[in-house]
Amino acid sequence: MWYLCVFFHRLLDYRKPEVESLAELYGAFGDSDGVDGHGSLEWKLPQHHHPDSPFHFVNLPSEVVARQIANRSILVKGIYEVWGDGSNYEELEEAIRNYPDELKLPYLTSESTFKITVDSFGKNISSQEQSNRIQGLSYIPFKGRVNLKNPDHKFCLLETDNYGSNNGLPPVVQRRLFFGREVGAADRKLLPTYQLKSRTYLGPTAMDAEVAFLMANQALVRQGKLVFDPFVGTGSILIAAAHFGAMTMGADIDIRVVRDGRGPECNVWSNFKQYGLPPPISLLRADNNLPPWRPGLREVFDAIICDPPYGVRAGGRKSGGRKLLKGIVGPYTVPDDKRIDHIPSTAPYSLAECVHDLLDLAAKMLVVRGRLVFFYPVLREDESNGETRFPKHPCFKLIAVCEQILSFRYSRVLLTMVKMGPYTKEVEETARLKHLEFKENHLKWLEEGNLHSAVFSPADTHLDLGEESKFSKELKPKYRGKYV
Amino acid sequence: MRLLTHNMLSCNIKGVTNGFPLRIEAEKVVEKQVDFNADFLKNMFPKIEWKALVAAAKSMGYTDLPDQAESSMIDSEEFLKKFHHALLQLHLEEGALICPETGRRFPVNKGIPNMLLHEDEV
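Heads up: the sequence lines are chains G and E, in that order.
Letter 194 of the first sequence, counting from 1, is numbered 194 in my numbering, and no numbers are missing.
Letter 92 of the second sequence, counting from 1, is numbered 1092 in my numbering, and no numbers are missing.
I should point out that these hints are in silico values taken from the structure, not numbers from a laboratory.
For each residue, glycine too, the CB sits at the ideal point set by N, CA and C.
Any given hint might turn out to be false.
[Said to hold, decoys possible] Simulated coverage check for chain G against chain E, where a stretch passes if three residues somewhere in it have a Cβ under 8 Å from a Cβ of chain E: (1) 254-263; (2) 290-296.
[Stated by the list, open to error] Here are some of the chain G residues that sit facing chain E, going by a computed Cβ distance under 10 Å: (3) 202; (4) 204; (5) 224; (6) 269; (7) 273; (8) 283; (9) 302; (10) 345; (11) 346; (12) 406; (13) 421.
Bound-form chain E, shown alone (with noise of 0.2 Å):
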């Protein structure tokens, strides 16, 4: 699982307001390289929340990412290639990711978190 899917998540258990951002319990993280496009990454930077990012990031052991992050940033490659690897780059292959609410873990496996509520939280 990446931090672009990460950023996206949220748990929506019924009654649940501040399901957003998911912890992550990191088992096993490892890097996987993605073909930088400059394109991309300036479409999905508007549509980042940024704070989640970084947590997520330091959570997954990069911690080159700058606190805050405004729009004219994206003009620079540097950090572009920062925001290249936070977001695609890092892995998260075993772990979890933990509702800041109810606590409650979605595990991730082979990469993939599964997502699907249990019949009591419909």
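The shape of chain G in the complex, shown without the other chains (with noise of 0.2 Å):
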């Protein structure tokens, strides 16, 4: 059955596969997964509407999948049932008289209470001019009492007006006005309660509340599963999946973070006493690249959801020091009575050999279709050029890339994948050689494609990229930007 989507107006390429992501978790797609590793949904664009818009007709296979998307989903404004649309008041009503009355007058019933809503995008609507609207509508026949605070069915008419390219909204050529009936809508209380500048510990690099939902949605996490974050940190993407029912664990390399936070009443697990959810079932401290699993673990998580270091504001870093894996040293020997509360040195820990590190604890220890969530950053110049590449492996395959633009010279991107088949010997022996040829070139590795200075260079050093860029940016619209 087609339905009208309506998307909050941010973070526009995480929308779609939000919704697909969900529609899976709720059982849209049966068993049927096939080759792919998800399943898809049929979209339409309404007449007249550019790809970037608000408002999207999906195919779902039910009222009650579509009312489950919508209360879980972050980017989902609501999900109605389309009674008419048109572009005039005159065709509008003809639409919504024309449609069926079996499919209206159940929700017209005298016994029934109701509210009408009017919204607007690309312009305002005053709210006398919203009542009139209202009033305009009297050709329904609606037997049941208005009820504003709780109703049974909630109606809403939709209008977009040709507005051009502004107000961060896409361009609309000409108006467009819907009616329809809310089958489902976003929770709005969710981000107010988990925002950030209310959580009693905070890291630098703690992940949004918004997108770490969104994080947990592309991931399926749902009650009954464990999730794991190697890169834990605060514990804010963690936060996200146990308020979804997950059983969560995480690591970090970082023992002040994890251990001991900024105090008793301000660490890891106070965050999640804050929420009243259940804490994580465990924390560690341990270094991705010389992993503590057991040789034969496997299979063990549903779901690996992170934000590995960049190595632009916060670097990551692995076991062995500096000096030590430059050769400037050799190998030493703590000393035994030094070696209680010795703090191992650690190295820089390039982005390649980071992101191959998670690939490789993904493919051992993920549920064959569970899935790796992760960000991974890139430079915007690269893609003008179409230069970006993504990671990859062969148990893998890459579902969805949601870009979110940070600044003018990088942006991150959301990977989804799934895990489409078991870790083999092959598998097992190339990644073997891999950590062993990062390990002989440390040096390398760390020099090339160093992000960190790439976006932080000075200005002047991008002057003769300058005209390119511009000229760049003006094919991407001008309303993508850091919250678009």
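Combine both chains into one complex, guided by the hints.
Shown next, in the form of structure tokens:
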């Protein structure tokens, strides 16, 4: 059945993948995810609308699924059963009159309560005008009473107008009107509850609540599943997973962040306590480059969700002293009396090696069909040259790439990968050889593709690219910026 | 540190072949309540090294686990409750994990095991 899906106008790349992931979570695709590793939905654009528009028609198997998706989604403002649409009020009235009575009358009965909202995009409608619009719908035989607080049925009159590309909205060529019955809507209390500004324990790279929930939805988190974050930090991603009922586990190389926090009332545990969520069943200090898992351990996690260090604002670390890995000093033994509180030296961890280790960990430890969801940084000038290449692994299929612009120079993309096949001996051997290669060429990997300097290099070194990047900026719609 | 975690960890010092299971030196053990979820337990069961779990539970003072377990036992609510208790509710706050081959101690403080290797173990 076709429904009108109205999105919040933000994080545009994330919208459809989120709906498709939730559709899969709620059984829209049955058992058939086939060779693709995931199902996909049919989408249609309303007449005269641009792909970035907040309005999309989507084909969903039932009203129950539509409601479940809307209620759990972060970016879906509402899903509506459309009773009519048109380019003016006369067309709208005709469409609504033509909509079958047997589909309308059950929601218009005298025993039920209802409410009509007027919503608009690209323009403001004063409350007087809204009232007039609602009066204009009197040809619809509403028999029930109005209840503004908690009605049985909610209806919405949506109006978009031709305003050109401004206000952070995509261009709509002509006016379009929709009238529909609300089937489900987002829980608007979710984000204010979990927003970072009221969180007890934060770190510089704590994941924004909205994005953390999007990641959890992409990873199909639900009750009874086990979710792992190998770069747990302050636990911001696991909070979202715990909210959706999963058991969580986290690891970090920095013991102070994980064990101590900033004090007994300000640490990872207190974050979970703040929201009444069950705390992680396990937190440990571990290095993903030399993980502590027992050798035969396979397929224990249902999802791995994380934000690895990009090396821009917060660099990654791995075991092995800096000088040791550069070959300046030989391996040394810590004297026994100093061992107890010894904090092993760590060395910088390049993004390439970090992602290689993450993929290896996920290939081993995820169940088949389990999801790996993580952020990967990209330089925006690479995109305009069509050069962006994302990490690949034989066990995984990349099913979604969602860009979030961070600055003029760089973005991050949320990659969603599905594990398609088991961790074979060949995969293991390839990983082992690659690990040794990274170790032997430690210096080379640090210098190559050094994201930090590319992002923070002074503006004048980009002078010759100036014209090109202006040109490429022109190609991207003006309203696409840091938040859209 | 819960026994679910302990069941996943081993000593991976360079050259060590027999780093699992780690012996538990328990200084402070607490019991923490965790909501019972049968689906989760049934999913976890095939991945658990049972002998290691039984030994670990004994070292934490819990002896009710059967010495051997087969998959047919997960249908029993009584078994699941014991499995749940051993796997998720026994918690090592302070102590250490000892490598069976080298004797290396991995300390556990405030419930968090420190599995980081020293420079000469890499």
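How the hints compare with the structure:
no.: 1; hint: 254-263; in the structure: holds (count 4)
no.: 2; hint: 290-296; in the structure: holds (count 6)
no.: 3; hint: 202; in the structure: violated, 19 Å
no.: 4; hint: 204; in the structure: violated, 21 Å
no.: 5; hint: 224; in the structure: holds, 4 Å
no.: 6; hint: 269; in the structure: holds, 9 Å
no.: 7; hint: 273; in the structure: violated, 13 Å
no.: 8; hint: 283; in the structure: holds, 5 Å
no.: 9; hint: 302; in the structure: holds, 8 Å
no.: 10; hint: 345; in the structure: holds, 6 Å
no.: 11; hint: 346; in the structure: holds, 8 Å
no.: 12; hint: 406; in the structure: violated, 31 Å
no.: 13; hint: 421; in the structure: violated, 18 Å
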